[in-house]
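On the provided structure of chain A, position chain B as indicated by the hints.
Residue strings, one per chain:
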Amino acid sequence: EAQVTQNPRYLITVTGKKLTVTCSQNMNHEYMSWYRQDPGLGLRQIYYSMNVEVTDKGDVPEGYKVSRKEKRNFPLILESPSPNQTSLYFCASSRDGGGYEQYFGPGTRLTVT
Amino acid sequence: QKEVEQNSGPLSVPEGAIASLNCTYSDRVSQSFFWYRQYSGKSPELIMSIYSNGDKEDGRFTAQLNKASQYVSLLIRDSQPSDSATYLCAVKVTSGTYKYIFGTGTRLKVLA
Numbered sequence: 001e002a003q004v005t006q007n008p009r010y011l012i013t014v015t016g017k018k019l020t021v022t023c024s025q026n027m028n029h030e031y032m033s034w035y036r037q038d039p040g041l042g043l044r045q046i047y048y049s050m051n052v053e054v055t056d057k058g059d060v061p062e063g064y065k066v067s068r069k070e071k072r073n074f075p076l077i078l079e080s081p082s083p084n085q086t087s088l089y090f091c092a093s094s095r096d097g098g099g100y101e102q103y104f105g106p107g108t109r110l111t112v113t
Numbered sequence: 001q002k003e004v005e006q007n008s009g010p011l012s013v014p015e016g017a018i019a020s021l022n023c024t025y026s027d028r029v030s031q032s033f034f035w036y037r038q039y040s041g042k043s044p045e046l047i048m049s050i051y052s053n054g055d056k057e058d059g060r061f062t063a064q065l066n067k068a069s070q071y072v073s074l075l076i077r078d079s080q081p082s083d084s085a086t087y088l089c090a091v092k093v094t095s096g097t098y099k100y101i102f103g104t105g106t107r108l109k110v111l112a
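So the sequence lines, in the order shown, correspond to chains A and B.
Counting from 1, position 75 in the first sequence corresponds to residue 75 in our numbering; the numbering is continuous, with no gaps.
Counting from 1, position 25 in the second sequence corresponds to residue 25 in our numbering; the numbering is continuous, with no gaps.
One chain only, chain B, in its complex shape:
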């Protein structure tokens, strides 16, 4: 079992719809959770960080964390074609190490 799992997609949504991206992580001491967006051939850019259970909203983006169920999700409201990219989920673990573990990413396609 991978430590951080994401559905590779592609996830296709029409313009203006809500895109829902999910990420599950294995049972390790996980401290911090991040969502990055990556356009093809470019570097990852941070969208959201979340550290405690519940929802965190920033503009059109909402991150949701449920540590008991070991999942973190990202909702993108009013999806735009410019949101088409790969979304990476990342977890910072602290069980005797200071690594960051990334999922393989979910490719999102927003259809105009």
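So here's chain A without its partners, still in its complex pose:
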């Protein structure tokens, strides 16, 4: 089954404790991306990756890092989480950066206390 997977699905952590949210896709997609979704603000793009050699900032990259060492994986790293990073996070992938539709993972609900 073609899909995007994320882990963990739910995470409660404390301020400053480094965490990684994993994302993997099995569709051989070149383009991968991370979003956060907050009430009233909608989906906002954090980072995207055109391929294993190229990553770039989205609209809200502050406080996040990403890594694209393999085509199928695109982990999101919070080096020092803060309460304002409490949000619902989605990973997505697309055939490439040419304007194709994105397919979303199930989401990770993160709470930082």
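Hint data in this document are derived by calculation from the structure and do not stem from the laboratory.
Keep in mind that the hints are not guaranteed to be accurate.
[What the hints assert, rightly or not] Ranges of calculated distance between the beta carbons of each label pair, as one might list FRET restraints:
id, chain 1, residue 1, chain 2, residue 2, range
1, B, Ser8, A, Thr5, 27 to 35 Å
2, B, Gly9, A, Thr22, 41 to 49 Å
3, B, Gly54, A, Lys18, 45 to 53 Å
[Said to hold, decoys possible] Calculated pairs, DSBU-like style, for lysine-lysine (alpha carbon to alpha carbon, straight line, at most 35 Å):
id, chain 1, residue 1, chain 2, residue 2
4, A, Lys71, B, Lys99
5, A, Lys17, B, Lys67
6, B, Lys109, A, Lys18
7, B, Lys67, B, Lys109
8, B, Lys99, A, Lys57
9, B, Lys42, A, Lys17
10, B, Lys99, A, Lys69
11, A, Lys71, A, Lys57
12, A, Lys57, B, Lys67
13, A, Lys65, B, Lys56
14, B, Lys67, B, Lys99
15, A, Lys18, A, Lys57
16, B, Lys99, A, Lys65
17, B, Lys109, B, Lys42
18, B, Lys56, A, Lys17
19, B, Lys109, A, Lys71
20, B, Lys42, A, Lys71
21, B, Lys42, A, Lys18
22, B, Lys109, A, Lys69
23, B, Lys42, B, Lys99
24, B, Lys56, A, Lys69
25, A, Lys17, B, Lys99
None of these values were measured; they are calculated from a predicted model.
C-beta: ideal position from N, C-alpha, C; glycine also.
What follows is chain B alone, placed relative to chain A:
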């Protein structure tokens, strides 16, 4: 001005009616346009993509794109209670970047 704007709703329509959802976008080089449906607490799922001016139909759904007026709309015919969800409009921009910009969504309620 937001880059992609949608009325937050809720838009309430009776079962069997046509629901009309609208989205406007700012003056950037926009290439591709998408409508996603999102149920509460779930991930967005693609309904339609549209790339050129005009109408595109898929079952009960019709997407309409007018680049000159910078709007894209989604019509849902024969609305069902199961269509009750938030509908997200998304635009792929290519002006020196490869971002996707989402609207904040319109909440649709189909009344049985």
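Taking the hints in turn, this is what the structure says about them:
Separated by about 31 Å at the C-beta atoms, B/Ser8 and A/Thr5 satisfy the suggested range of 27 to 35 Å. Hint check: B/Gly9 to A/Thr22, Cβ distance near 34 Å, so the stated range 41 to 49 Å is violated. The hinted range of 45 to 53 Å is satisfied by B/Gly54 and A/Lys18, whose Cβ atoms lie roughly 49 Å apart. Taking the CA atoms of A/Lys71 and B/Lys99, the gap is about 19 Å. The hint holds against a cut of 35 Å.
For the hint pairing A/Lys17 with B/Lys67, the CA-to-CA distance comes to about 46 Å; that exceeds 35 Å, so the pair is violated. Taken as a hint, the B/Lys109 and A/Lys18 pair is broken in the structure, with Cα atoms around 40 Å apart against an allowance of 35 Å. Distance check on the hinted pair: B/Lys67 and B/Lys109 sit about 28 Å apart at the alpha-carbon level, within 35 Å; holds. For the hint pairing B/Lys99 with A/Lys57, the CA-to-CA distance comes to about 9 Å; that is within 35 Å, so the pair holds.
Restraint check for B/Lys42 and A/Lys17: satisfied, since their Cα atoms lie roughly 27 Å apart, inside the 35 Å limit. At roughly 21 Å between alpha-carbon atoms, B/Lys99 and A/Lys69 fall within 35 Å of each other, so this suggested pair holds. For a cut-off of 35 Å, the pair hint linking A/Lys71 to A/Lys57 stands: about 18 Å separates their Cα positions. Restraint check for A/Lys57 and B/Lys67: the C-alpha separation of about 27 Å stays at or below 35 Å, so the hint holds.
In summary, the hint linking A/Lys65 to B/Lys56 is not supported, as the alpha carbons are separated by about 38 Å, beyond the 35 Å threshold. Using a Cα cut-off of 35 Å, the hinted pair B/Lys67 and B/Lys99 holds, with the two alpha carbons roughly 18 Å apart. Simply put, A/Lys18 and A/Lys57 have alpha-carbon atoms about 20 Å apart, close enough for the 35 Å limit, and the pair holds. Only pairs whose Cα atoms come within 35 Å are accepted, and B/Lys99 paired with A/Lys65 is accepted, the gap being roughly 17 Å.
At most 35 Å may separate the alpha-carbon atoms for a hinted pair to count; B/Lys109 and B/Lys42 meet this at roughly 17 Å. Simply put, B/Lys56 and A/Lys17 have alpha-carbon atoms about 48 Å apart, too far for the 35 Å limit, and the pair is violated. The suggested pairing of B/Lys109 with A/Lys71 is violated, with an alpha-carbon distance near 39 Å, which exceeds 35 Å. Proposed proximity of B/Lys42 and A/Lys71 is supported: the alpha carbons are some 25 Å apart, at most 35 Å.
Of the supplied pair hints, the one linking B/Lys42 and A/Lys18 holds, its CA atoms being roughly 26 Å apart against a limit of 35 Å. Distance hint between B/Lys109 and A/Lys69 is unfulfilled; the C-alpha atoms sit about 43 Å from each other, more than 35 Å. With a C-alpha separation of about 22 Å, the suggested pairing of B/Lys42 with B/Lys99 holds against the 35 Å cut-off. Among the hinted pairs, B/Lys56 with A/Lys69 is inconsistent with the structure: their alpha-carbon atoms are about 38 Å apart, more than 35 Å.
Restraint check for A/Lys17 and B/Lys99: the C-alpha separation of about 29 Å stays at or below 35 Å, so the hint holds.
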